[in-house]
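Q: Go by the hints and put chain B onto chain A.
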Amino acid sequence: MNTYTKIVNNGVNVGALMEAREAFSVTPEAAQFTWRATCHWVKGTHSYSEIEGYYGLGEAQSHKKRFTFDADHPETFAADDHGATPVEYVLVGLASCLTAGVASVAQHRNIQLHSVKAMIEGDMDIQGVLGMDKGVRNGFESINVVFEIKADASNEEIEAVVAQSQKRSAVYDILSNPTNIVVETMS
Amino acid sequence: MNQTPCFRRARYVSTIIIGGGQAGLAISYYLSQRAIDHLILERGEVANSWRHERWDSLRLLTPNWQSRLPGYCYQGIKPDDYMTMPEIIDFIGLFAQQISAPIQCGTRVTEVHRVDQNYLVQTTQGDWTCSTLVIASGAFNTPVVPDFGRQLAETMTTITPHQYKSPTQLADGGVLVVGASATGLQLADEIQQSGRQVILAVGEHVRMPRYYRGRDILWWMDMTGLSDQRYDEVDDITRARQVPSPQLAGSSERNTLDLNRLASQGVQIVGRFSGVRDHTAQFAGSLPNVCKLADLKLGRLLSTIDQWIEAHGLGTEIDEPDRPEPTGVDGSPRLDLNLASGEIKTIIWATGFRPDYSWLKVPVLDRKGMLRHDGGIVNSPGMYVLGLPFMRRRKSSFIHGVTDDAYDISQHLANYLNSTYRRKCVSVA
Numbered sequence: 001m002n003t004y005t006k007i008v009n010n011g012v013n014v015g016a017l018m019e020a021r022e023a024f025s026v027t028p029e030a031a032q033f034t035w036r037a038t039c040h041w042v043k044g045t046h047s048y049s050e051i052e053g054y055y056g057l058g059e060a061q062s063h064k065k066r067f068t069f070d071a072d073h074p075e076t077f078a079a080d081d082h083g084a085t086p087v088e089y090v091l092v093g094l095a096s097c098l099t100a101g102v103a104s105v106a107q108h109r110n111i112q113l114h115s116v117k118a119m120i121e122g123d124m125d126i127q128g129v130l131g132m133d134k135g136v137r138n139g140f141e142s143i144n145v146v147f148e149i150k151a152d153a154s155n156e157e158i159e160a161v162v163a164q165s166q167k168r169s170a171v172y173d174i175l176s177n178p179t180n181i182v183v184e185t186m187s
Numbered sequence: 001m002n003q004t005p006c007f008r009r010a011r012y013v014s015t016i017i018i019g020g021g022q023a024g025l026a027i028s029y030y031l032s033q034r035a036i037d038h039l040i041l042e043r044g045e046v047a048n049s050w051r052h053e054r055w056d057s058l059r060l061l062t063p064n065w066q067s068r069l070p071g072y073c074y075q076g077i078k079p080d081d082y083m084t085m086p087e088i089i090d091f092i093g094l095f096a097q098q099i100s101a102p103i104q105c106g107t108r109v110t111e112v113h114r115v116d117q118n119y120l121v122q123t124t125q126g127d128w129t130c131s132t133l134v135i136a137s138g139a140f141n142t143p144v145v146p147d148f149g150r151q152l153a154e155t156m157t158t159i160t161p162h163q164y165k166s167p168t169q170l171a172d173g174g175v176l177v178v179g180a181s182a183t184g185l186q187l188a189d190e191i192q193q194s195g196r197q198v199i200l201a202v203g204e205h206v207r208m209p210r211y212y213r214g215r216d217i218l219w220w221m222d223m224t225g226l227s228d229q230r231y232d233e234v235d236d237i238t239r240a241r242q243v244p245s246p247q248l249a250g251s252s253e254r255n256t257l258d259l260n261r262l263a264s265q266g267v268q269i270v271g272r273f274s275g276v277r278d279h280t281a282q283f284a285g286s287l288p289n290v291c292k293l294a295d296l297k298l299g300r301l302l303s304t305i306d307q308w309i310e311a312h313g314l315g316t317e318i319d320e321p322d323r324p325e326p327t328g329v330d331g332s333p334r335l336d337l338n339l340a341s342g343e344i345k346t347i348i349w350a351t352g353f354r355p356d357y358s359w360l361k362v363p364v365l366d367r368k369g370m371l372r373h374d375g376g377i378v379n380s381p382g383m384y385v386l387g388l389p390f391m392r393r394r395k396s397s398f399i400h401g402v403t404d405d406a407y408d409i410s411q412h413l414a415n416y417l418n419s420t421y422r423r424k425c426v427s428v429a
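Residue numbers (our numbering), protein chains in the order written: chain A, 1 to 187; chain B, 1 to 429.
For reference, chain A alone in the conformation it holds in the complex (with noise of 0.2 Å):
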């Protein structure tokens, strides 16, 4: 086992995730996890969604109070802005996974940081959503980011941090690997 001398504190309790590591073998079933989002029409392209039950360790759980996202287009779109569009929520999912999972390395790797900024750009040609060229697809064509990190480690240590994070991200997964999607329609 790893012995330090000096403490790190990035706020990530990595005990508590390895003995659910420990636990999760033990019990895999504990380990399933559904996540859930309601989604409910405004008006125009606005919509807000709702996120506050989930189910993981054997039952239903629920987050601390209700979290509620507006989405909406900007005014480019003819739209009214209300919110965020979905892709930047996309955006936002990966750089926040990604930053979570700097920190849990970092500590994991006893290695303080001090500041941690990530720069996420997604590239996209809209003619794909407007039906306008079948070669154009409808999402990203690349996505971009780029950590600044300031932290007690040399630059390499930081790099393997960052790419660790990326090997363990969930979203990082869900975004360069296909899934399958079904949608269905309540009559």
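If you are wondering where the hints come from, they were derived from the structure by calculation, not from laboratory data.
Be aware that one or more of the hints could be misleading.
To be verified - Simulated restraints on C-beta separations:
1. A:Ala23 to B:Gly369: 21 to 31 Å
2. A:Gln112 to B:Pro326: 19 to 29 Å
3. A:Asn180 to B:Pro79: 49 to 59 Å
4. A:Thr185 to B:Thr124: 56 to 66 Å
For glycine and all other residues, C-beta sits at the position ideal for the given N, C-alpha and C.
A: Just chain B now, kept in the frame of chain A:
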């Protein structure tokens, strides 16, 4: 399934060893030294996997000087070369002769049961019982193919490394090689050189130069003690045992085989083959990161070696340190491949191997079908395994790595036999 297997006609021997390859023979050597009666059951011939489950051009990844078994080592004139398959078959065959290994060839084990305090070993040549059992049947019995890959077999030519012999067996046209460990890289290399366009799908991998600072990388692994690192010394042994085999190849030119070299030969490098939709293969967008991870890991390995050299004052006697070029990743590697377009004619699954325990009717497997063991001591009294990756040491699955493991296991096995013998004496008294 509830039929109780019976002992009728079963012959008794203290130890049965399943598998007559380097691992089974190595422990046979130590059991003979300890005067423990034993028998090796071999489904085919000595070194069977090396004879029948390898492609034609394959050479060992380990240099000749590293080919050693208990009391036996390479004696030829090319210590820095890498054995061809006929050479390794001879090498192991000669060892079997030299130690007069008690081996019964042509005997496939069909089932093993725990019966009373013994194991009942049923084979194509009759039954045996034994007090102790050593599973030395290898870690690479069955090629692993992803689920979606099995469905592709209906519409494409798909083969595994066990079926692959040489490029001449392949149709003209493109070949998708899936997997970037030693097997995938070597096949991609020779198939591309045969004039067929290769697309190589790359997931997580372990990059290694053949030579570093003038010595074979495996020489450094030995010298620095990395090869001998024990399974109970690493932080996460489960993960360590799942690390893919390093990107190495044995050749007289001692060339490094890596993604940069393959790309320069015209091989198309793409991300992990992650699924098929509408007859289109989809490759993961994670290629830059898996290459980065491998480059960083390689950098840490070379730094460890540099530090060892520094600490031992060898800096002036050997080549200067250097670092290989980072793996070049094309700005936007392709994410899909239409499998109906004719661009590729063949898919080769170099996606790993797993051991086959379908004959093992003792509840010692975990939910993934792998043996539950502590450094080769299986979770059932008197049962042992040899030759699995990082079983007791990092070198466990290498030919030179099996000797130390076999010695340790023979010691535990001998103690076990002694203790059960003593228990029987006590209960009789």
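Q: Check the following: the C-beta atoms of Gln112 of chain A and Pro326 of chain B are separated by a distance inside 19 to 29 Å.
A: This hint holds: roughly 27 Å between Cβ atoms.
Q: So does Ala23 of chain A sit 21 to 31 Å from Gly369 of chain B, Cβ to Cβ?
A: Given about 22 Å between the Cβ atoms, the range holds.
Q: Within 49 to 59 Å or not, the Cβ separation of Asn180 of chain A and Pro79 of chain B?
A: At roughly 54 Å between Cβ atoms, Pro79 of chain B and Asn180 of chain A fall inside 49 to 59 Å, so the hint holds.
Q: Hint says 56 to 66 Å; check whether the CB-CB distance for Thr185 of chain A and Thr124 of chain B agrees.
A: Taking Cβ atoms as reference, Thr185 of chain A and Thr124 of chain B lie about 58 Å apart, which means the hint holds.
In this structure, every one of the numbered hints holds.
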